[in-house]
Each structure stands twice: as C-alpha cells, then as structure tokens.
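Numbering (the numbering used here), first residue to last: 3 to 326.
No wet-lab data here; the hints were simulated from the structure. Be a bit skeptical, because a hint or two may be false.
As the list claims (entries may be wrong) - As a list, the in silico BS3-like pairs of lysine-lysine whose alpha-carbon atoms are at most 30 Å apart:
hint	residue 1	residue 2
1	160	188
2	188	166
3	31	188
4	31	160
5	166	311
6	31	311
7	169	188
8	31	169
9	160	311
To be verified - Distance ranges between label pairs, derived from CB positions:
hint	residue 1	residue 2	range
10	199	221	52 to 62 Å
11	41	318	34 to 44 Å
12	147	224	15 to 25 Å
13	147	21	43 to 53 Å
14	271	63	14 to 24 Å
15	201	39	30 to 40 Å
16	289	39	16 to 26 Å
In this text, a Cβ means the ideal position worked out from N, Cα and C, and glycines have one as well.
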Amino acid sequence: MFEGWNFGAVSIKRVRLYDDGHLVADVRKHGGDLERTFLELVAGDAPAPEGAIVTGVQASSSLSIPYLPESLCIEAALRYLRLATDLVLSLGGESFVVHCLADGVVRAMQSSNRCAAGSGEFLVQQFGRMNLDLESGLRTAESGRRVPLAARCSVHCKSDATHKLNKGECGPADIARSLIAELATKIATLLGSTNWPRTRVLVTGSLSQSRLLMEDLRGLLPESEIVVHEHSTYLEALGAAIAAREKGVADLGEPRTWLRRRTGHSFATRAPLASHASQVNYAPRSSWGPLRPGMEVILGVDAGSTTTKAVLLDRQTYMPVAGV
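Please construct the entire structure, taking both the sequences and the accompanying hints into account.
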C-alpha cells in the first residue's frame, strides 16, 4: 500500500492506494493545526505504507517524506485515470490555480491569489459570518436569488453583504447564492487570462462539489466542457500516491515520525483580546452628554464602502454627544 498526501492551506488530504488498485481517501480541515490533524489521520494506522509522497503549499515544512510539486502529481493522476484535458482548474482555499496541459504535461500555470475575494476560503469565511459551514452554505444557496454585491474587493463585498442583511434587503440564502455566482465570474476570468485552449477543463478541489458553482461556470463558458471527476476532491493526493508507487518501496518509518517538529513561534504573540475586556467601556446612547453652545468637539468620520458613519466627541470627556 502506498500513500499520497496533500497539505493545503485549508485541509489535509490523504489517499491510500492498495495493491489491488482500490483506494481510500480522507479529507479533513486542519484549522491551522496541521500537526494535530495529521496525527488524528494516522492514529491507529497499521501497517505503515510501503512508500509515500507529500505535495501542497504546506508540505515541505510539515513532513520529512519525499515531496513532489502539485503539477507533477496532477500529471501522474491524469495518466493513472487516463484523462485528457486542456486545463486543470485547482480550486484551493488560498488560491485558484490553472494548470495548462499539452500531451498530458503541464506546460504553464496561472494563479489568482492577489485578493481574498477570489479564493475558496473567502467563501467559507462569508458563510461563517451567517453561521453556515461550507456544506450548509452551498445547500442554503440552492434556494437563494442573486443580488448585486460589491464583489471586486473582499472588504467591500463583506461590508455590502452585511449591510444588505442588516437592512433586511435579502436573506442568507441570497448572499450565499450571489457569492457563488461572483466566484464563478472570477474563475471564468482567470481561465480566459491563460490564452490556452479550454475545450475541456477538469476541476479539482472541494469546491468542485458545488453544483451551483459548476452550473454557473458552464453558463459562463458554454464553449468549454467543465468536468468533475469522482476523484476531483483529492486529485493531487491521488497523484502523489501514484508517484509513490512508481518510485517503489521506501523505508520511511512509522507515519508519526514523519512530522517536522516546530521549534517555536515565528512571531511574537499577545494575550487574547478577551483578557482585556475590563478595559472596554460601552457607551449606550442614553449615556451621551448633551450638546452645549460653545463646547469643543472632535469629529470622527468613517467613510465605508457602503455606508458613512460620523460621531461628535466631547473634547474634555471623550464621550459621544451626537452620532449618525
């Protein structure tokens, strides 16, 4: 049995490939704690794999086993599955990457990670603001309608969505549906920027399981065949397992020993904000002082993406006296 691992920005994926050809896949979100999640996945494993390879953005700093770039893992998976495609669209949590292929070999890559609004994790975060996880958010979106959102920028989009919900202009289902539609538009733009043939596009990653997202993509790209394979969610991990089998038996020891132990924090940390709650003073409007003729005040203005707020503070007490 050989293993392939993919350490991504949001989840860890493992594929176990057995000698008879059948495979077992595990996908688990790590929430930033890769070590704990890895140990949970390998707990009780017996026997150890004959060989293993790891790939992904968090791979080389996490495990000591052989590493292979995601592009080569994709090539290995496509060979194994006998799939031909022009593009492989990897919808990751941190960034979206388009792999451009010719004759089964990745010839170029195009990434879209300049703004959080163009990533899967942004979708997860916005669902979370409405008390929805990814799966329930995708289900909720099925009953929603599209509403205009300032989706070009993640900050504007978040503010716009919050404003619409607070004003009662729409519900969570409408926001979820609109976020998916805007994400599809960004993905279509990314695919178009490659200047590569896109007759057939294979989609990988957890977001490939979103029916609405795939439906929107097909509507935006009618000239392309958008393909979601049964192994799309963990294609890179599958490719890593294939590559490990091709490389042959390797004595890697028990999986628990693969972890690279961290020596400490890279950055200094501070106490949680909750531990300073006693220093926070809440000033309800009923406690505001009156405006008096001749009093000196300080004007504060917050010109946001969707609304503008203003407040007048008494210069002597720093207490609000008026606000809109």
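Hints versus structure:
1. 160 x 188: Distance ~16 Å between residue 160 and residue 188 Cα, so the pair holds.
2. 188 x 166: holds, 22 Å
3. 31 x 188: holds, 24 Å
4. 31 x 160: Given that 30 Å is the threshold and the Cα spacing comes to 23 Å, the pair holds.
5. 166 x 311: The given pair, whose Cα atoms are some 16 Å apart, holds under the 30 Å limit.
6. 31 x 311: At roughly 38 Å apart (the allowed maximum being 30 Å), residue 311 and residue 31 break the hint.
7. 169 x 188: holds, 27 Å
8. 31 x 169: violated, 33 Å
9. 160 x 311: holds, 17 Å
10. 199 x 221: 52 to 62 Å: For residue 199 and residue 221 the Cβ distance comes to about 20 Å; the hint is violated.
11. 41 x 318: 34 to 44 Å: violated, 58 Å
12. 147 x 224: 15 to 25 Å: holds, 22 Å
13. 147 x 21: 43 to 53 Å: Once the Cβ atoms are compared, 51 Å apart, the range 43 to 53 Å for residue 21 and residue 147 holds.
14. 271 x 63: 14 to 24 Å: holds, 19 Å
15. 201 x 39: 30 to 40 Å: holds, 38 Å
16. 289 x 39: 16 to 26 Å: Violated, since residue 289 and residue 39 (Cβ atoms, about 47 Å apart) do not stay within the stated range.
Going down the numbered hints, you'll see the structure goes against 6, 8, 10, 11 and 16, while the others check out.
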